[in-house]
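Chemist: Top to bottom, those sequences are chains F and S. Position one of the first sequence corresponds to residue 1 (my numbering), numbered consecutively onward. Position one of the second sequence corresponds to residue 1 (my numbering), numbered consecutively onward.
Careful: at least some of the hints might be erroneous.
Stated by the list, open to error - Only part of the chain F face toward chain S is listed, based on derived beta-carbon distances under 7 Å:
1. VAL18
2. ILE21
3. THR25
4. THR33
5. GLY100
6. ILE107
7. ALA122
8. LEU133
9. ILE134
10. SER234
11. SER237
The hints are simulated quantities; they were obtained by calculation from the structure and are not laboratory data. Just so we're clear, the structure is a prediction, and the values are computed from it rather than from any experiment. C-beta atoms are modelled at their ideal positions from N, C-alpha and C, and glycine is treated no differently.
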Amino acid sequence: MINKKSLQWIAWVLILPVLLIRGFTTIYPILKTVINSFYDIRILSGVHEFAGVSNYLNIFKDQKVITTLEFTGVFVVVSMFFHIILGVGLALILNMKFKGRRFLRTIVLIPWAMPAVVIGMAGKWAFNNDYGLINDLVRRFVPGFELHWLINTGTARAAVIALDLWKDLPFFAILILSGLQFISSDIYEAAKVDGANAVKSFFYITLPLIMRNVLTLCIPFTLWRLTGFDLVYSMTSGGPGEDTSLIAYRITMEAFTNLNVGYAAALAVLLFLVMAVFSWFNMRFMNRFED
Amino acid sequence: MTKNSDTKYKIYRGFTVVIRWVMFAVVAFFILFPVYWIFISSITPPGELFKTPIDYLPDHPTLESYSFLIQNVGLLAKIGSTVIIIGVTLVVGTIICVMGAYGFARFRSKAVSAAFGFIVATMLIPEVVTARPLYEFMQKVKLFDTYPGLIILYISSVIPFTVLILRNFVAEIPVSLEEAASIDGANFVQRLFLVVLPLMKPAIATVCIINFINCLNNFFTPLYYSNGIQVLSVAIVQLPLRDNMYGVPWDLVSAMGWIILLPIIIFVAVFEKQIMDGIMAGGVKA
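Excised from the complex, chain F in its bound form (with noise of 0.2 Å):
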């Protein structure tokens, strides 16, 4: 360790290019979004005046926006409800000790790697009625199946769910997977000599090992939900209507098709805001946790 205040002068030397376009990228920006949210500044009809807090009384009023938030809820819950469950079964399969585990643990990375754009165009031909992967297999056990997903408002967003899922799922199973690994197979002997079967080992002895484990991975990848724009953006606009628009997504529009920069800089603030909540609040009963 160097403490020497003489020698200070070669840290900030060394940590000056990473500060300065780390900063140059965030902190200008943040502060003039908090700005521009006080203002009504619209580019297509060349307004830009002080308009007080009225951004953001707007955006209780705008239909759009609510479904939004309507669909982003929906779709961090069932999300992160799925990223739990199947997550957990995942990254269990994924440390059974057998031939095929290192040809699984390659392959289950290759979602993690792929650009969530690709999947989403590819997930929008998927889920075509005609012509897609999803009716070609299930047509082969149901004769005749039809079902237009992106059309309808439920199975759209279940079209959705189900591709952000098949990108992250494996990631969020390799995270559990490092706690897994840290468990050791006395205890798993010990339980085996006393009785137990595996179904209990599951219960009494994994699940409680990784829990903690497992609910703070679920802060970051419920913050990656609340901000997720490429999988929507390249898959279903949005559509049909709103219904599969996420927060980040509808803010986009604004400040970049609609260019409604005020606007968008207020729903931007909020989105911050929640989060910021969010990971507040976590800690917090994470702390608790602890105890």
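On the provided structure of chain F, position chain S as indicated by the hints.
Modeler: Same frame as chain F, now just chain S:
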């Protein structure tokens, strides 16, 4: 052990093995089949894509969609810009992140710790919050739609994860190694390059691999901060529709998708261990 319980045990073992391979098959099918479907779609003649049921072994494989991409969509130029942007980002980004990580790990003062806290905290900031003002600023300083501009944004996006991982790694290298070197007369620069850097090689390789994937996945930045310069992830959503009325140029999308997928699959197969280590060390998203 009696004969009876021996047979029972064998049946039990056999049962577990079967269950394992069934689960293996289910997971492998879910992941690989869609990927396989994208591949066969890309080598199926465009007309035959409008066929039901899907022919999973195309009768007339062709590379027509790929040659269309090269001749009419400028595929090679797009691959070129993607390689330039990611390449420079990895080289420059890694250098400044190694410097930063060393600074954060070895020098302790309130201000340095605060700076580190700032870098990590910026992970929380969603890009939509900063997007519009940053877009206007990039245009004002003439960095919009330029390689330097895009590269700065790409580097910025990899900084928090890279600095965090590398700093934690440097912190675990015993300072005594460096002290020994300085007793032998090594100066600061020699210590960094001859003592610390060689030990950091595996960590640097891991973050480079993960950053490569993250940069390839980056969509928001090239979509909104450039027009003329097109990388592969943006190009795939802007492919022209040839003669089909279904809104998805699936012939070209599948071919372009496969061009992005192929390096990813090779990468994942070769670097499985490093990627796993990196993900588990940092848990940071693609």
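Chemist: Does the interface hint hold: is ILE134 of chain F within less than 7 Å of chain S, judged Cβ to Cβ?
Modeler: 9 Å, violated
Chemist: Could you check if THR25 of chain F really has its C-beta closer than 7 Å to a C-beta on chain S?
Modeler: 4 Å, holds
Chemist: Does LEU133 of chain F hold up as a contact with chain S if the rule is Cβ-Cβ below 7 Å?
Modeler: 5 Å, holds
Chemist: Let me know if the C-beta of SER237 of chain F comes in closer than 7 Å to any C-beta of chain S, holds or violated.
Modeler: Violated, about 10 Å.
Chemist: Using Cβ atoms only, decide whether ILE107 of chain F comes closer than 7 Å to chain S, and label the hint accordingly.
Modeler: Interface hint status for ILE107 of chain F: holds (5 Å vs cutoff 7 Å).
Chemist: May I ask you to test the interface hint for ILE21 of chain F with respect to chain S, counting a Cβ-Cβ separation under 7 Å as satisfied?
Modeler: 5 Å, holds
Chemist: Should the hint that VAL18 of chain F touches chain S count as held when the rule is a Cβ pair under 7 Å?
Modeler: Check passed: Cβ of VAL18 of chain F comes within 4 Å of chain S, closer than 7 Å.
Chemist: With a cut-off of 7 Å on the beta carbons, see whether ALA122 of chain F makes it to chain S.
Modeler: Status holds, d = 6 Å.
Chemist: Does the interface hint hold: is SER234 of chain F within less than 7 Å of chain S, judged Cβ to Cβ?
Modeler: 5 Å, holds
Chemist: Hint check: is the beta carbon of GLY100 of chain F less than 7 Å from a beta carbon of chain S?
Modeler: With a closest approach of 5 Å, the GLY100 of chain F hint holds.
Chemist: Tell me if THR33 of chain F is really an interface residue toward chain S, meaning its C-beta lies closer than 7 Å to one of theirs.
Modeler: Hint holds; THR33 of chain F Cβ to chain S Cβ min 6 Å, cut 7 Å.
The structure does not agree with the numbered hints 9 and 11 stated previously, though it agrees with the rest.
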